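K.L.:
Sequence:
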Amino acid sequence: MMTQYIFIASPVKLPQGDFGSNPISNEQPNIFNTELDFTHLYFENNFDSELKKKFSFSNHLTYEFQVTAYANEIPLKGKETGSAYEKKCLDILYKYVEKAIFESGYIEMFTCWNGEENNRLSNHRKVQWENIKSPYDLVLNDLEIVEIIL
12 MMTQYIFIAS PVKLPQGDFG SNPISNEQPN IFNTELDFTH LYFENNFDSE
62 LKKKFSFSNH LTYEFQVTAY ANEIPLKGKE TGSAYEKKCL DILYKYVEKA
112 IFESGYIEMF TCWNGEENNR LSNHRKVQWE NIKSPYDLVL NDLEIVEIIL
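Throughout the sequence shown, residue numbering follows the numbering used here, covering 12 to 161 in sequence.
Simulated from the structure, these hints should not be mistaken for lab results. Hints should not be assumed to be uniformly reliable.
[Stated by the list, open to error] Here are the simulated DSS-like cross-link-like pairs (lysine-lysine), alpha carbons at most 27 Å apart as the crow flies:
id, residue 1, residue 2
1, K110, K98
2, K137, K98
3, K88, K99
4, K137, K88
5, K88, K144
6, K88, K98
Since this is a predicted model, take the numbers as computed values, not measurements.
With the hints as extra help, turn the sequences into a complete structure.
P.N.:
Below is the structure:
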């Protein structure tokens, strides 16, 4: 099975780490009541600790600060299921993007399958943040990049 990733690029630093997991306690951060409590997005930045420098996840991303997350519960356009896991991950993504857009005024968001990061784009569009009314408005086609402007 191939892995789909979501990428976000910004002119300002983006937070990395685990977003959305709900462990039973801080003392037991690896124990969850339900699989939904465990469902989360982990954003990893584009800094190579061995080389001590930033790299770009894709030649389609133009900003220096980039993060990626394994998008196992974020559907491609037309493949939405409405599951609780999908809704939770899209809510996490929406909150993350909303915070990033208000800090920078502009971000790029891109999705593709692992290994296809530099393939030809299927679509490139610009959208104002005010036109993104729900987390489902962040669902993209494979190899689509969207520029979101505040």
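K.L.:
Indicate, hint by hint, whether the structure satisfies it.
P.N.:
Each hint, compared with the structure:
no., hint, result
1, K110 <-> K98, "holds, 18 Å"
2, K137 <-> K98, "holds, 24 Å"
3, K88 <-> K99, "holds, 17 Å"
4, K137 <-> K88, "holds, 17 Å"
5, K88 <-> K144, "holds, 16 Å"
6, K88 <-> K98, "holds, 14 Å"
Every hint, counting from the list given before, is met by this structure.
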